[in-house]
Structures are given as structure tokens and as C-alpha cells.
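So the sequences go chain by chain: R and P.
Numbers in my numbering are just positions in the first sequence, counted from 1, shifted up by 39.
Numbers in my numbering are just positions in the second sequence, counted from 1, shifted up by 39.
What the hints contain is simulated information worked out from the structure, not anything from laboratory work.
The structure displayed is predicted, hence computed values, not measured ones.
Careful: at least some of the hints might be erroneous.
No copy is singled out in the list; a pair is fine if it fits within one copy or between any two copies.
[To be verified] No more than 30 Å apart at the CA atoms, straight line, and that leaves these computed lysine-lysine pairs for DSSO-like: (1) Lys302 to Lys133; (2) Lys108 to Lys169; (3) Lys188 to Lys64; (4) Lys108 to Lys317.
Protein chains: 2
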Amino acid sequence: MSQREQLQGIVSEILAMRREKGGVKQIYFVGCGGSLGALYPAANFMQRESMTIKSGWINSNEFVHSTPKDFGENSLLVVACHRGNTPETIAATKLGREKGAAVIVLTWLEESEILSYTEYPVFYTFGANKDIAGEKTMCALYIAVELLKQTEGYEHYDRFMEGADRIDGIVKRACAHVEKRAHAFAKEYRDDKLIYTMGSGAGYASAYMECICIFMEMQWIHSSCIHTGEYFHGPFEVTDAETPFLIQISEGTTRALDERALKFLKTYAKRIEVLDAKELGLSTIDSSVVDYFNHSLFNNVYPVYNEALAAERQHPLSTRRYMWRVEY
Amino acid sequence: MSQREQLQGIVSEILAMRREKGGVKQIYFVGCGGSLGALYPAANFMQRESMTIKSGWINSNEFVHSTPKDFGENSLLVVACHRGNTPETIAATKLGREKGAAVIVLTWLEESEILSYTEYPVFYTFGANKDIAGEKTMCALYIAVELLKQTEGYEHYDRFMEGADRIDGIVKRACAHVEKRAHAFAKEYRDDKLIYTMGSGAGYASAYMECICIFMEMQWIHSSCIHTGEYFHGPFEVTDAETPFLIQISEGTTRALDERALKFLKTYAKRIEVLDAKELGLSTIDSSVVDYFNHSLFNNVYPVYNEALAAERQHPLSTRRYMWRVEY
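Please put together the full structure from these sequences, using the hints given.
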């Protein structure tokens with residue numbers, strides 16, 4: 040059974056079990072770092088599309104220490120936890136169980152501590168040649184889309200599922216398409232000490248993940264993720280001919296924001312790398328739902344750049360100085 | 040009439056006028072850059088404290104291009120716009136009027152374009168010796184607190200207003216208190232090309248504003264704002280003895296996150312500047328509401344540092360190379 044089918048069943052069951060208690064009134068997307076970033080498109084979907092269901096996108100440790108008052112029996116908690124052993128996310132999952140929330144855990148390993156605290160584990164695809172339609176970002180989206188369809192209704196449901204059917208092919212073609220420029224990028228930026236990332240809309244967090252998980256964590260390069268709409272209200276003053284910017288041009292409603300930032304960069308910066316979702320083929324997905332697929336595209340094209348950069352810098356993506364190595 | 044009294048009246052009127060239409064079901068906090076940052080504590084308040092009212096915190100241009108479906112007659116839109124002339128925020132305000140939302144505009148100048156699009160302009164305090172209780176951040180909080188009290192009820196309402204009575208004195212004492220260390224900070228970091236800021240919880244956006252509005256915009260220093268709960272899931276790998284971190288230790292529910300990050304910094308970093316809300320006197324505000332006052336404290340203590348840094352670097356805070364000077 041695919042992740043999509045599995046999650047359709049899980050959402051149905053959760054709604055059925057809560058029918059007499061007032062249904063699902065809130066959905067919280069909770070995780071840490073890259074796992075939190077991966078949930079952003081689904082949180083953005085709920086914020087933009089839902090008329091009645093409250094939603095939140097919160098770091099696990101903040102969620103546990105500063106829990107929203109409404110979190111309880113009418114809540115659906117969606118956590119992502121790659122190896123199932125992040126203490127803060129396990130704590131969030133436990134809290135969900137204590138409060139009587141429905142808890143769906145998106146994870147990769149089939150055995151881990153976090154699995155003891157959920158009735159609804161979902162194992163997402165990961166690794167070389169994974170099916171992008173089964174990745175954690177898509178899993179979280181299936182939950183959101185299904186929840187909306189089964190409660191308020193979602194008019195673009197079929198279009199969304201058509202997009203989900205196409206995303207794997209789009210990503211694989213895009214990865215092949217950027218291979219050459221990724222190597223040029225790696226040569227150009229191998230000695231840089233700082234690289235900015237930029238994005239907007241439902242795809243914003245793929246720029247966030249590239250910033251915190253790749254540049255900072257895996258390459259020890261300073262980085263900052265700038266929202267393209269915020270750029271003109273402060274950050275753009277650091278723009279100059281030396282500073283590198285890696286910018287996502289998304290497809291969908293916020294493309295105008297990204298294009299405006301790119302136009303400015305082309306005037307005042309010199310070292311710009313552009314990932315354009317239109318050029319990379321995302322437009323074959325219907326415009327009513329395309330926003331939510333930017334993340335899966337960008338986040339899966341970045342690895343082509345990342346592997347080239349790591350090789351060029353002789354700094355393997357797996358090297359850490361603190362993570363899993365010291366106490367924290 | 041104080042901003043607080045004025046906003047009590049405005050919220051009552053908005054609720055009365057919407058009673059027959061189903062009331063206020065959503066509240067959106069919208070702005071750009073520092074004006075968006077200033078609205079964060081109120082958005083965080085709604086997210087944490089409300090059982091039924093949806094809320095969002097969104098950049099103006101993203102809000103206009105990617106408007107949530109539920110935005111309309113049952114919505115309250117709160118925008119902040121310092122000079123009343125930011126095109127994206129004017130567009131958001133116009134959109135609010137078109138959609139039949141109630142629109143409150145927090146602004147500073149008593150004459151500006153944005154005022155033609157709202158029935159509810161509120162002029163906040165600004166400048167030297169301003170009353171902190173009348174600042175935009177507090178104005179947005181009064182709206183949120185009043186909305187919750189008049190709809191669901193808010194049990195800590197009196198405690199919150201006691202806090203609001205105290206915040207001006209706390210801030211002014213804290214500013215005097217850090218004077219000396221702010222000058223030492225300026226001398227130490229005058230030649231740095233990058234400074235990280237860190238924060239969490241309802242006070243997170245004061246670290247965001249220091250990053251984007253001061254370091255990047257007003258000093259052309261590279262910067263990135265790290266959430267202390269996210270720090271351990273990527274960003275901490277850039278930590279070393281040379282890289283400077285300016286960290287907020289908040290009072291309230293997320294203090295444990297900040298203290299954990301500080302403990303790590305004290306082990307592996309050497310150049311750390313700490314703003315501790317406890318040391319700076321915020322604990323005289325009741326613990327049930329203290330989270331929401333961190334922002335006003337930090338955001339108003341930073342200027343002591345910022346002025347010292349600007350003087351030491353001979354780079355006035357008012358200098359821009361692009362903002363208001365070129366087309367964008």
C-alpha cells in the first residue's frame with residue numbers, strides 16, 4: 040500500500056473516532072530542523088486553504104515547553120522524525136498521547152523509540168532513487184489535503200493527486216538537467232565562507248533546509264535564509280558584487296516575489312545561482328495546486344549541488360563536529 | 040486616550056459590527072520587515088492562547104499574492120506600517136477593505152497614504168523616551184488580548200495589563216543597565232563581518248529584527264537569526280571560537296531552550312553576547328503572561344548596543360545604499 044493510500048485510511052479513521060467528540064479542530068506540524076522544514080508545505084496548505092481548522096508549524100522543543108492551549112482531544116499532531124530518536128520530537132509525541140491528540144509519526148526507520156508512542160506510524164521513502172511521491176513532505180501534504188477533503192471539502196483534490204503522480208518524474212528530469220551547472224556552482228563557491236539562500240511561499244522551507252542542514256550543518260558554511268518578500272525590508276542592504284545568493288524562483292502564487300528579488304540581484308549582485316521551478320518543469324502541474332510542489336522539487340534538486348560542492352570542497356556531507364558526537 | 044483604551048474600543052466596535060455575520064473567526068498580522076517582526080508577539084499570543092480563532096503572521100507581499108481562502112468578512116487584519124507608505128502593506132490594507140475585513144492600521148505618521156484605507160488607524164509611540172506601553176508591539180498585543188477576552192475569555196487579562204503597566208519602567212532601567220557592556224560589545228565586534236542572533240518563543244522576532252533591520256540593513260553586517268530550539272538540528276555545526284553570537288535568554292516558557300543553547304555556546308564558542316531577560320528585570324511581570332513581554336524588552340535594549348556599534352564603526356544607523364535610494 041502506498042503512503043498516500045495508507046494516509047487516506049489513517050485520516051478517515053482519526054476523523055471517525057473523533058466524530059462524537061467534535062472532530063479535528065486543530066492540526067499541528069511539529070519537528071526539528073530538516074524534519075520541521077519538510078512539514079512546511081503542509082502547514083502552508085492548511086493556512087491558505089482551510090476555512091475552519093487551526094494549524095501551526097512549531098519546533099518540537101518549543102511545542103513541548105510552550106504548548107498551545109487548544110492542543111488536546113480535538114487535535115491532530117503530525118511529527119516527522121527521521122531516525123525516530125530525536126528526544127524533543129519523542130517528547131512532543133508523548134505529549135500528544137497524554138493530551139488525547141491523534142498522533143501521526145512520519146519516520147524512516149522501521150524500528151525506533153518514537154514508534155512506541157503512536158498508533159499511526161508512516162514510513163516514508165528515503166535514499167537514492169526514492170519515489171518522491173512517498174517522501175515525508177508529500178506524506179504531510181497527503182494528511183493535510185485528505186483532512187480538508189474529508190471535512191470542509193477541497194475542490195482541487197483531483198488536481199493535487201495528479202500533481203503527486205507527476206512529481207517523481209519532474210524531479211528526476213530536473214536533477215539530470217542541473218548536473219552540469221551544479222558542478223560549475225561547486226567550483227565557483229568552493230571557497231566561500233557564506234552563502235545566502237532565498238525563497239517564498241509554500242516552498243520557503245526548502246531554502247531554509249538548504250541553509251541550516253546543508254550549508255551550516257554539513258559544510259560549516261555560514262548561511263541565512265531570506266524570504267524574498269522580506270528581502271526589500273532590510274536584508275537587501277547586504278547585497279554586493281561579492282556576496283553569493285542561491286535563490287528559488289517558485290511556480291505559483293508567490294513567483295512575483297521571487298522574480299522581483301531576482302531582478303534586484305541581477306542589478307546589484309554578481310554571484311547568483313538560480314533554481315527556477317518553471318525551467319525545471321514544474322508547470323506541468325496545475326496552477327491551482329502547483330505552489331505545494333515547489334518544496335519537493337527544490338529540496339530534491341539541491342542534493343545534486345550539495346554532492347558536487349562536498350566533493351569539490353573535500354568536505355563529506357556526513358561529517359559532523361558536534362551532532363551525535365558530543366553532549367548537547 | 041491611550042493606545043490601550045483606544046484599541047479596547049476598536050475591538051469592541053469590530054466585534055459588535057460583526058455579531059450578526061458570525062463574529063471574528065480569523066486574525067491576520069501582516070507587514071514587512073521590522074513592522075512584521077513587531078507583530079510576532081501578538082501572533083504568538085493568538086496561536087498559544089486561542090481555542091477557536093485562526094491566526095496568521097505573514098509578509099505583506101506574500102499575503103497579497105497568496106491570500107488565505109478564509110480571509111474576508113469574518114477576518115480582522117492588523118497591519119503595521121511605520122511611515123504609512125510601504126506599497127506592499129498598502130496593497131494588503133486595500134485588499135482587506137475589498138474583502139470586507141476589519142482593518143486596523145498601526146502606524147506612526149499622522150498623515151500618510153495608508154490612512155485612506157482604514158477606519159481604524161492607531162498611532163503608536165516612537166522615538167526617544169517613547170512610552171514602551173504605546174509601541175506597535177504592545178498595540179498589536181492589546182488587539183489580540185482584547186479580542187480573546189471579548190470572545191473566548193482570557194483568564195490572565197488583568198495580569199497582562201499589570202505587565203503592560205510595568206514594561207516601560209523595566210525597559211528604561213534595563214537600557215541604563217546595559218550601557219557599559221554595550222560599549223564593550225561595540226569595541227569587540229566593530230570589525231566583524233558576520234554576527235548571528237538567537238532567540239525563541241514570543242520574543243523570537245526581536246532577534247529576527249536585530250538580524251535583518253540592524254545588522255543587515257543599517258550596518259551591512261551579514262547575519263542570520265537562529266531559533267534556539269532549531270540550533271541543535273543543523274545551525275550549531277558552524278559554532279567555533281571566532282564566530283559571534285548575540286543570544287536572547289527569554290523569561291517564560293521557552294527559557295529552557297535558550298539556556299540550553301547558551302550552555303552549548305559557552306562550551307564551544309568564545310564570542311557570545313547575552314541579553315538575559317531575568318537579569319534585565321522582566322521577572323516582575325507575572326509568569327502567566329511574561330512570555331509576551333520579552334520582545335518589548337529585547338527590542339528596546341538593542342538600540343543601546345546599536346548606537347554604540349554604529350558610533351564605533353563610524354557607520355550611522357541611518358545610512359542606506361539601496362533603501363529609498365534606488366528603484367526596487
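Against the structure, the hints:
1. Lys302 to Lys133: between (47 Å within a copy, 26 Å between copies)
2. Lys108 to Lys169: neither (38 Å within a copy, 34 Å between copies)
3. Lys188 to Lys64: both (14 Å within a copy, 20 Å between copies)
4. Lys108 to Lys317: between (41 Å within a copy, 25 Å between copies)
Of the numbered hints given earlier, the model fails hint 2 alone.
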